[in-house]
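J.: Assemble chain B onto chain A, guided by the hints.
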Amino acid sequence: MKFSFVSSKLLPAVLISLVTISLFMTFLIFVSKAYSTDTISHTETTSRQSTNPEAIKWGFFSAALAIGASTIGAAIAVGLVGSSAMGAMSERPEMAGRALIFVGLAEGIAIYGLIVAIMILGKI
Amino acid sequence: MMLKAAFQYSYINAKIRSLKSMLLKRIDYENMSRISGYEGLVECLKRTSFALKWKNYQPSFDGLIQMYYEDLFSSYDKVIEMLSGNRKKLIQHLYQKYEMENLKVILRIISSEKSNKKLTGKSRYLLSLKKKTASFSAKDLLKAKNVDEIIYLLQGTWYGEPLKHSLYRFALEKETFPLEMALDLFYYKRLWQHISSLSYRERKIAQNLLGVQYDILNIFWIFRFKKMFYFSPEEILNYSLMHGKYLSANRRLKLAYSVDYNDMLNNLIGTPYKELLAYSDDPEICYRKLLSYKLSLARKNWQGFPFQIGTILDYLVFKEIEIRDLISLTEANRLSLSFDKVKDYFIYNHYAENSESTN
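So the protein sequences, as listed, match chains A and B.
Just so we're aligned, residue 1 is where the first sequence starts under the numbering used here, counting upward by one.
Just so we're aligned, residue 1001 is where the second sequence starts under the numbering used here, counting upward by one.
Next up, chain B with everything else stripped away, as it sits in the complex:
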C-alpha cells in the first residue's frame, strides 16, 4: 500500500516540496513589514523567489498584486498538470474559485450599469486567469446587457444553474447578493462531491482539511449575516454550507439561533474555534484567526506521511495564505500604514501568536 502510494506520488511529492521551499520565509515577512514605500517593497521581493517573475510587470502596486495572483495561478497550473482522474478534477474545481470571483465582479458591474456606458478599463477589476483553463470569456460576459444574457452565455458551464435558480430573488431585491450566495453554495456543494469521489483514505484527508474551510465560512457567514445584515435564523440556515468538519447540522442550527456573540461562542464549545474567536468580535480579525488555524492544521499535516493528496492541499493552503498576506502588506504599504496598525490582518502573524502560545 505504501509502495503503491510512493509510486503514485514520488514525482508529485518532490515537486510540491520544491515549490514549498520557494515560499516566503518568516524573515521575509519581517523584513517587508519594516520597510515603507514601493521601492523598499520591491527590493525585499527581489531577494525572494519573486525575483524571477519580475520583468513582465508594471512598476506599480497594482502590478505587484497582479504578479502575486499570477504566481498563485501558475502554482495551481503546475499542480493540475501533474495530476489525473478525480484528484485533477478536485484541484481544478479549487482553482475555479477564482473564476467564480471574476464572475461575481462581472455580475456586479453588469447589474450596476444603468445605461450602456463604455466598458473600457473594467477588466482591471478582474483577476487575470489563464485563458487555456477558462470556462468562459470574461470579455464576452462584460459585453452582456443584463444578468439574463450572462446566464445565457454561461450555458454549458456549472455557473449557469445556480444563477438561474436565484434569478427571482435578484429580480425582487435588485442586488447581486442572492446571485453571489447561490454561486458560493453551489460551488461548495460541487467541491464536496469532488472530495467524495476520491478513494476512502484520500477522502478522509481532504475532508479533514477542506472541512475546516467549510466550518470557517459557516462561522464567518453566520456571524456577518447576524451582525451586519440582520437576517432571520431561518434565512441564515438557508445560506449555510451543508458540510464541514466540526459544525454538524444541529450546531449550525444553534449558531443561527444564537442571540449574541457570547451565545455564539457557547455554541462552539467542543470545537477549536471557540478559543480562537474569544479575543475579538471584529468579523475580519475573527476570519483571519480562523484561517491561521487552517494554516496550523496544514502545517501539522505537512509533517506526516508525504505520499498522499494532503501534501498538495497543504501546499495550496500555504500558497494562498502567502498571497493573501502579501496583498495585505502591499496595500498597507500603499496606504503608508505602520505595521503595528495592520499586523492583525496578517495571517502568518496570528499563526505565529498561536504557535507561540501553544508551545
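Chain A extracted, bound-state conformation:
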C-alpha cells in the first residue's frame, strides 16, 4: 500500500525531473564542448584545453548528471523487472535463471551512464 502510494504521488514528478535532467545534461555536454573549443581557438592553446576552468566545471557537472540520471532510470527499471521476476519465481522457481538476465539488462542502463561519464571526464 505504501509502495503504491509513493508511486502514485511521486512517479509523475520523478519522470518529469528525469526527462528535464536528461535534456539539460545533453545541452550541457554540447555547450561545454562548444565553449571549450571556442576558447581554445581564441587562445590558440590546443594542448592545454583541460586547464580552462569553465570547461572543467561543466564537464564534471555533466559527468555527475550522466551517472545520477542513468542510475535513477536503472533503479526504476530494476524495480519493475525485479518485482516481476520475484512474482514469476514465487510460483515457478525454475524461472530464476531467465528472470535474472532481464534484471541484468535493466541494470545495464546505469552502466551506459557510467560510460558516458567516463567519456566526458576523458575530454577534460
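Simulated from the structure, these hints should not be mistaken for lab results.
Relax, there's no trap hidden among the hints.
Partial pick of chain A residues on the chain B-facing surface, computed with a CB cut under 8 Å:
1. Ser-83
2. Glu-91
3. Arg-92
Every value quoted in this text rests on a predicted model; they were computed, and no experiment measured them.
Ideal Cβ positions, reconstructed from N, Cα and C, are used throughout, including at glycine.
T.: Chain B only, in chain A's frame:
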C-alpha cells in the same frame, strides 16, 4: 499512467501469469476424457500441476474432488495475499461465494432435521475452506437446533441480515429456497458495491467481466423459475439481480413476462446470449453455453493490457472453470459414462466449439 499501473501490477501480473501457465491444457482434457477408472484419471493428473498436491489426499473420487477445491481455494489465497485496499476486498468477497455455498448446505441440513440426530459425517457435504479466512465456524453452525440459532451465530457477518429478512417466507413455505435466494441476492448486491468502490478504469473492466456473470445468472434463474417452479412474472422479477452488462431493467421485465422459450430468445435479441441459447432449451446445457461465453470473454481480455485488475479476474474465471470441468470429468468417470454422453457438460468443450465456429 501506464508506468503507475506497471509499478502496481508488475509482481501481481508476473505471478498470475505463472499461475495461469500451470492450468490444464486442452491436451490434458482430451487425455482425461479418453480414459476410464480412478487409476487412469490419477495417472493423467500426475502429468499435470496437480502432481505436486498429491500426497495429502485419500485415494478416492471424493478425495480428488476435495483436492480440486483446495487447489482453487489456495489460488484465491495467493491472489488475496498479493492485493490491498478495495481490490483485496473485492476478491475476498468473490471467495466468500464458497463460504455462502457451505452456509446453504448447513441451512438445508439443519432445516431437514426432524429430531436431534447424530451430526457426525455431515461435514463431508461441506467445502473445506481455509480456517484463517472463515467468517464463521461450520462446526458450530452444524450444532444449531434451528435456523434462528444459525442467524444468532452469524451475528457480525453479512450473512445474518439477508437470512433475518427472509425468515418469514421460510416460516411460511418450510423450505430453504427463500433463505438461499436471499443470500444470493444480497451477495451479488454487495459484490456490485465492491466493484463500484474501484477506480473508474478498473471498475469498467470488472463490470465488463462480472456483469456477464450477473446476466448469466439472471437468464438461468428466469429460465429455471419459469420452466421448473412456475413462478409468476412478478415473483421472478423479485428474484432477479439488479445489475448486469446487457440485461437492463426493461429487458429483465420482458424476460420475466415472456410466454415461452422462443419468446425469451426474442427478448434477448441484441445480446450475445441469443445465439448461444438457440441450440438447446435444457437449462443445464444453456448454463454451460453461457459460461463458455464468459470464458471466451476472459480469454479475450487476457490478451489485452496486462497491468490491470482484469488479469486477476480473468485468471480466477479460468481456474473456476477448470475445477468445474475437472469435477464433471471425475463424476463422469465415477459413473463410468462415456465421453460422448457427457461432453455437453464440459465448458471447455463448448468454448472449443464456439471458438471454432467463430474462426
